[in-house]
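*Asks:* Add chain B with the ligands to chain A, keeping to what the hints say.
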Amino acid sequence: MKILVGIKRVVDYNVRIRVLPDGSGVDTDGVKMSVNPFDEIALEEALRIKEAGNAEEVIVISVGGDECQQQLRTGLAMGADRAIQVQTSEPLQPLSVARAFLKIVEREDPGLVILGKQAIDDDNSQTAQMLAALWDRPQATFASKLELNGSSASVTREVDAGLETIEVDLPAVISVDLRMNEPRFVKLPDIMKAKRKPLEVISLDDLDVTVDGQLGISQFTPPPQREKGIMVDDASQLLQELKNRGLL
Amino acid sequence: MSRILIIAEHDGATLNISTSKCVTCAQAIGGDIDILVMGQGIDAVAAEAAALDSVSRVLAVNAEHLAAPLAVNLAAEVVGLSADYTHLVGPSTTFGRDLMPRVAALCGVNQISDIMEVSSAESFKRPVYAGNAIVQAEPANGTKVVATVRTASWKAAGSGGSASIEQRGASGSAAAHTRYVGLSSEGGERPDLQSAPKVVSGGRALASEENFELIYKLADKLGAGVGASRAAVDAGYCPNDMQVGQTGKIISPDLYIAFGISGAIQHVTGIKDAGTIVAVNKDPEAPIFEIADIGLVGDLFNVIPEIESQLG
Ligand SMILES: Cc1cc2nc3c(=O)[nH]c(=O)nc-3n(C[C@H](O)[C@H](O)[C@H](O)COP(=O)(O)OP(=O)(O)OC[C@H]3O[C@@H](n4cnc5c(N)ncnc54)[C@H](O)[C@@H]3O)c2cc1C
Ligand SMILES: Nc1ncnc2c1ncn2[C@@H]1O[C@H](COP(=O)(O)O)[C@@H](O)[C@H]1O
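Quick note, the sequences are listed as chains A and B, same order. Quick note on the numbering used here: the first sequence kicks off at 1 and runs consecutively. Quick note on the numbering used here: the second sequence kicks off at 1 and runs consecutively.
Heads up, some of the hints might be wrong.
Chain A regions said to be covered by chain B (calculated; three or more residues, Cβ under 8 Å) [stated by the list, open to error]:
| hint | stretch |
| --- | --- |
| 1 | 117 to 127 |
| 2 | 206 to 218 |
| 3 | 228 to 234 |
| 4 | 238 to 245 |
Worth flagging that the hints you see were computed from the coordinates, not collected in a lab. Note that CB positions come from ideal geometry on N, CA and C, so glycine has one too.
One chain only, chain A, in its complex shape (with noise of 0.2 Å):
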């Protein structure tokens, strides 16, 4: 079995974001660009699968500009196989990405698409559940645990109201939580290696995926400050200022 893995190349999460004073955007001069912290766990669910020797093949995708080789990069560097860019100068919402990621899929056959729940840019969640309606194959989102068993998987989700449990038939497209592990870290020797693997260029022209319907995205703007706040010295002083605000 194969395992295909979506690397999105992202602002590093520690990165404090600034909002361009022309409202076009936010500030990514110089600013540290990461692998998609659900993305690493999703490579490393994928490759904890590959070693306990039921998968073969581990193949990081990301859809992007030549920069997001740098990101797939680093996944080759944690034990990928091999990497595939999907060369675009437009940055692509889901339903675009989701398309480019099906024609990777019918070409590769895989048996597990893994991805993580949710960009950290754009924060929109709706790659995986994309897929797997254009697939028309199970989706299962906010996993934090997943069990092969043969031509199914068992999987829990982290939904709102505690710990849901679903089976799977494979192939199914996957989207990670957080706590479903802790990624392994790159070692330089591995730097080195990830040079020597392959990484293939595609442009989306030559998937032939046809990118319409994407959304307006204008005006960004610094979200509302909340006013300054007061100190409180006691736990009895915080108690009388929660009375007076009417609070207790």
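*Replies:* Leaving out everything else, chain B with the ligands in the frame of chain A:
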């Protein structure tokens, strides 16, 4: 004029409050509002939905294979009804986030996630970068709007309405490839985190599952829901459904009290809509004090017992 279909969230017995928040958002969009209730044995839920203000019709689809909330089965029903509507709307809860993108893809559109404000029937404000920026999102020309509503941004609609209830047959059948096994909840009797007016929350500083009892006890005394930081959940001090933040629950209680939480942006994004934020932290430099309305520098292991004894 807009024709809006809201996909109801429920547990088989009662309507989730997220649905009435979708109704308030739909009122802001303006137009005709219908609610779709799918499940098995859903008469009581449909009646609750019909009582929400400004709803025209409730469509009730009652079928065995819709009893469990599997997105694949529910999406087929929504898509079957979609031709009559300009807007398909669900909540930004895990239910809506699982279902609505599947619907959107089948309708051939991108979804507008987490509507926090309606500018017009075709222009919406939504947060990106964990709420550190707000953008205007608009559907491509003439396409259907498929969206989730950021529940923390909207008040629940009133329930003085009397919509008609129409029974509809299911148009799809059970997908053989996906099977529901079950749900395990540890929540218990405490007020629901997403609708509780007061929430008491604990972070890594609690240091153990036993110590987290301090948070439960205080919450019970205040009649509050219980929240937690990711660090506390990851360390196993409390269950995952208590996590507040970018990847947990986004909440908007009147009062939020954080004990031993540093205030990472991923946590703060989950509480920005709270009425009053109280932070207790022993580090005066903790970033949570930047957004707290009332801050107290102190050791939670002293402060919590003091609060309790003074509450009597
Ligand atoms: C992609 C991504 C998504 C994330 N999503 C979330 C999310 O949804 N929710 C979330 O919460 N986090 C999330 N995080 C994690 C987040 O970045 C922080 O790591 C986390 O919120 C820290 O939790 P904490 O404040 O409990 O722990 P810490 O940061 O370790 O803070 C503990 C605090 O307790 C104080 N303290 C220690 N002892 C005491 C004492 N005795 N009395 C009083 N104060 C004391 C310390 O001064 C410190 O400020 C996410 C991270 C990533 C990368
Ligand atoms: N451009 C992209 N390239 C590769 N994977 C992506 C891309 N966009 C989204 N994904 C995958 O889809 C997941 C969810 O993204 P989103 O739907 O944008 O929140 C991410 O965690 C990735 O695994």
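*Asks:* Would you mind marking each hint as holding or not holding in the structure?
*Replies:* Hint check results:
A count of 10 residues in the stretch 117 to 127 of chain A with a Cβ less than 8 Å from any Cβ of chain B is obtained; the coverage claim is therefore met, three being the minimum. Counting residues of the stretch 206 to 218 of chain A whose beta-carbon sits less than 8 Å from any beta-carbon of chain B gives 7, enough to reach three: the coverage restraint holds. Here's how the stretch 228 to 234 of chain A fares: 6 of its residues keep a CB closer than 8 Å to some CB of chain B, so the rule of at least three is met and the hint holds. Proximity of the stretch 238 to 245 of chain A to chain B, defined as three or more residues with a beta carbon under 8 Å from a beta carbon of that chain, is established by the 5 residues found.
Against the hints set out earlier in the document, no violation occurs for any number.
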